[in-house]
Amino acid sequence: MIARDRHQMAQILSDRMTRTYTTLSERQELEPDTSLVKTYMVEAHLSASAEPSQAQNLARSAFSPAAFGKASHVKIYTSGEPTLLSVEATVKSEQVTIYVDFTNSRYWVLHSMASSDAADWMIDRLVSSGPDLDRAWLPADFLESISQLGSFRGLNLDYDRRVVPDVDFQSPHVPVEFLKMQLWGNKAGDVLEILRKKGAFPHETTLSKVKVKFSLDEATNEEFSLDDIKYDGKVTARGTSFLSHIGLVSRVYETYAEQIQNLEKKYALRRNTCGDRLSLEGSPINFLFDRPIANLEVFSQCLFSCGEPFRLWGVPLRLADDFFRVNAVDLHVGSPLQFEIAPDFMRVYLPTGSCGNTIVRLYTNLQHHYDSLVRAVDGDERNVFDF
Amino acid sequence: MRGTSLTFDLILLNLWIGMCRGVAGLPRNLRLLGYKDTWIEKKFPNQDLEPVCPDLVVASEKVKNTLLLEWKSGANTESDQLRRYSRVTQSDLETRAFIARDASHSHDVVIIGRSEYGDRLRIGIEHGHFPFPLLLVAMDGIGLSYNAFKVPQLNALFSPKLELDLRRVPSRFVPLDASSDLWEVAEVVMPKVLQYMTERRSRVDIAVVCQDICDTWSIMGQPARQAVTEKLVEAIRQASRMHFKKYIRLAANRGSFEIINNPLDLTSSKRTAVYKKLLSAQKSLLQAMRTGQGDGSEQLELFREPTN
Numbered sequence: 001m002i003a004r005d006r007h008q009m010a011q012i013l014s015d016r017m018t019r020t021y022t023t024l025s026e027r028q029e030l031e032p033d034t035s036l037v038k039t040y041m042v043e044a045h046l047s048a049s050a051e052p053s054q055a056q057n058l059a060r061s062a063f064s065p066a067a068f069g070k071a072s073h074v075k076i077y078t079s080g081e082p083t084l085l086s087v088e089a090t091v092k093s094e095q096v097t098i099y100v101d102f103t104n105s106r107y108w109v110l111h112s113m114a115s116s117d118a119a120d121w122m123i124d125r126l127v128s129s130g131p132d133l134d135r136a137w138l139p140a141d142f143l144e145s146i147s148q149l150g151s152f153r154g155l156n157l158d159y160d161r162r163v164v165p166d167v168d169f170q171s172p173h174v175p176v177e178f179l180k181m182q183l184w185g186n187k188a189g190d191v192l193e194i195l196r197k198k199g200a201f202p203h204e205t206t207l208s209k210v211k212v213k214f215s216l217d218e219a220t221n222e223e224f225s226l227d228d229i230k231y232d233g234k235v236t237a238r239g240t241s242f243l244s245h246i247g248l249v250s251r252v253y254e255t256y257a258e259q260i261q262n263l264e265k266k267y268a269l270r271r272n273t274c275g276d277r278l279s280l281e282g283s284p285i286n287f288l289f290d291r292p293i294a295n296l297e298v299f300s301q302c303l304f305s306c307g308e309p310f311r312l313w314g315v316p317l318r319l320a321d322d323f324f325r326v327n328a329v330d331l332h333v334g335s336p337l338q339f340e341i342a343p344d345f346m347r348v349y350l351p352t353g354s355c356g357n358t359i360v361r362l363y364t365n366l367q368h369h370y371d372s373l374v375r376a377v378d379g380d381e382r383n384v385f386d387f
Numbered sequence: 001m002r003g004t005s006l007t008f009d010l011i012l013l014n015l016w017i018g019m020c021r022g023v024a025g026l027p028r029n030l031r032l033l034g035y036k037d038t039w040i041e042k043k044f045p046n047q048d049l050e051p052v053c054p055d056l057v058v059a060s061e062k063v064k065n066t067l068l069l070e071w072k073s074g075a076n077t078e079s080d081q082l083r084r085y086s087r088v089t090q091s092d093l094e095t096r097a098f099i100a101r102d103a104s105h106s107h108d109v110v111i112i113g114r115s116e117y118g119d120r121l122r123i124g125i126e127h128g129h130f131p132f133p134l135l136l137v138a139m140d141g142i143g144l145s146y147n148a149f150k151v152p153q154l155n156a157l158f159s160p161k162l163e164l165d166l167r168r169v170p171s172r173f174v175p176l177d178a179s180s181d182l183w184e185v186a187e188v189v190m191p192k193v194l195q196y197m198t199e200r201r202s203r204v205d206i207a208v209v210c211q212d213i214c215d216t217w218s219i220m221g222q223p224a225r226q227a228v229t230e231k232l233v234e235a236i237r238q239a240s241r242m243h244f245k246k247y248i249r250l251a252a253n254r255g256s257f258e259i260i261n262n263p264l265d266l267t268s269s270k271r272t273a274v275y276k277k278l279l280s281a282q283k284s285l286l287q288a289m290r291t292g293q294g295d296g297s298e299q300l301e302l303f304r305e306p307t308n
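Protein sequences appear in the order of chains A and B. For the record, in the first sequence the residue sitting at position 14 is 14 according to my numbering, with numbers rising by one throughout. For the record, in the second sequence the residue sitting at position 26 is 26 according to my numbering, with numbers rising by one throughout.
To be clear, the hints were calculated from the coordinates, so they are not data collected in a lab. Hints may be right or wrong, so weigh each one.
Covered stretches of chain B (in silico footprint by chain A; criterion: 3 or more residues with CB under 8 Å from a CB of chain A, positions within the stretch not fixed) [what the hints assert, rightly or not]:
hint : region
1    : 18-27
2    : 38-46
3    : 86-95
4    : 131-144
5    : 227-237
6    : 260-272
A quick note: this is a predicted structure, and the numbers were derived from the prediction, not measured. Note that beta-carbon positions come from the ideal geometry of N, C-alpha and C, so glycine has one too.
One chain only, chain A, in its complex shape (with noise of 0.2 Å):
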């Protein structure tokens, strides 16, 4: 159904999402997918005070036949808003729609109730068919927070070191290779805290999806939303309040948003030139490996061969038997990076005009692919994340 304004998309969403909680749950049945609102965030590669005519040339172009191929009969609908687009498609013969709301021209926000294989097949082609969006990543530390904003019901974990295979995983007292569990209940922490002493799986114990009830009105808790919000920016809703729901989205987009801005502020590198005074300002990002890379070659091979999850384009440099300098591209937005790799640091170099959304992807995989407990750090060793 096309929507007129974001109040009517918020209406068609809002009575979906009540009527299949409410029907449900008086049968005592699951939701089946198909029922279920899903939210993504997906960062645009523009400024936040663009206007909103630069989005939805943006929005139109990304949704182009052109990206999705004719089969997909793409459709895009203007409303009475300037911000607001719906977009039908056709996916294996499930008819999708998707509202596209840039109200924030940098930070996007796309529901859409039509299966998850379908929708997640859109936001795939979507962020993947230019350099002009993304998704918005949540990395593990980021997501337990947001397990805090309500009352934490599940989780997943994710962890895949096969994707940086410095290892040889059948020798013996080699780390964890692959480490995924899903559990929902109230327990959700106890365990979480139980996989990460030491001893259990600290490196391995990587979020990648929390459960949380959410109330706009905590007194009451009537209306709330059972969130699913997953790292790579998905989250699904359930429950009984559309506004719930889009309020823990704003919350967690808003943080987001907040750490994007903080990294390309503080962090990306600029020259300052005034007459013949020329100064630096902004400072590379110091991960730190709690366990040291195992193999430097490989590990470095790996991050820059253009592939997934990392896309970033580069030729690694051996400079010593335990260092390496890569001028890399990430090629999700273009941008140049440059990276130099020690065992137990790597040091990232942000250019100026360069996102963000670069570092904190990285960082999202290094969690899921490489080690849990990698850390990034500022040149007084404080986090430059805070969530």
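Fit chain B to the known structure of chain A by using the hints.
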């Protein structure tokens, strides 16, 4: 692929900036003393209105001190240059070099040279009775060789030696200068070309690229700019004739290059394959430009003489 050949000047410039900024893998002492890199090659007049131009100025309000750092890649000091440095006053630092009042309370001119030239450098300083601390650089650290700093913590820090591994110093604050090798220019410029592709540019002026890749461009003299430009053109020329032939073409007048094949024009699935080809091309280009440097087991050549 092994080996770097940053010039002595660039190694020291990046090292001191890195130490001031708390870069991972470097001693943190300077950062903890509050030193901040303030100016690069800032020229200012002394009390006699004669110019001085330290390679780097670092200043700390915390210990109320400024260091005017002068690198010497060769064996000799210039007596007139040292004399001019000796005539710098606190007032000059404050009013002409724009150093904060607290930080300009005391200052040192620091001469930093190679350990193998220590004796010769010391003679130059001794001869003029200058109080300038002399720091000597070796592969495993930097040591105070002559005179003393006004800040006692610095004397303790560099005596006998501040240990660090020069092979692991940062190099990306200021990655290039007029003396950089061709392959170093290519290492920096080809990722920039990918960025231009992403921005869907079809033609890029060489002058624009020079400013984009060379951080010190704005304060470079004409000869240095000329040297960088020539190397950049040569790097693009070689790339466009060999490994990047399908993707870029240097204009006949060598004032610009064209992007003749842009991966962004392809679908996302095909694009990744092209990026991988570009990655192989860059690897081959860098290897070709470094031909003659062995099979990957050569030693680090840290203290290369400037070529300009």
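Problem - Violated hints - listed by number, lowest first - result: 3, 4, 5
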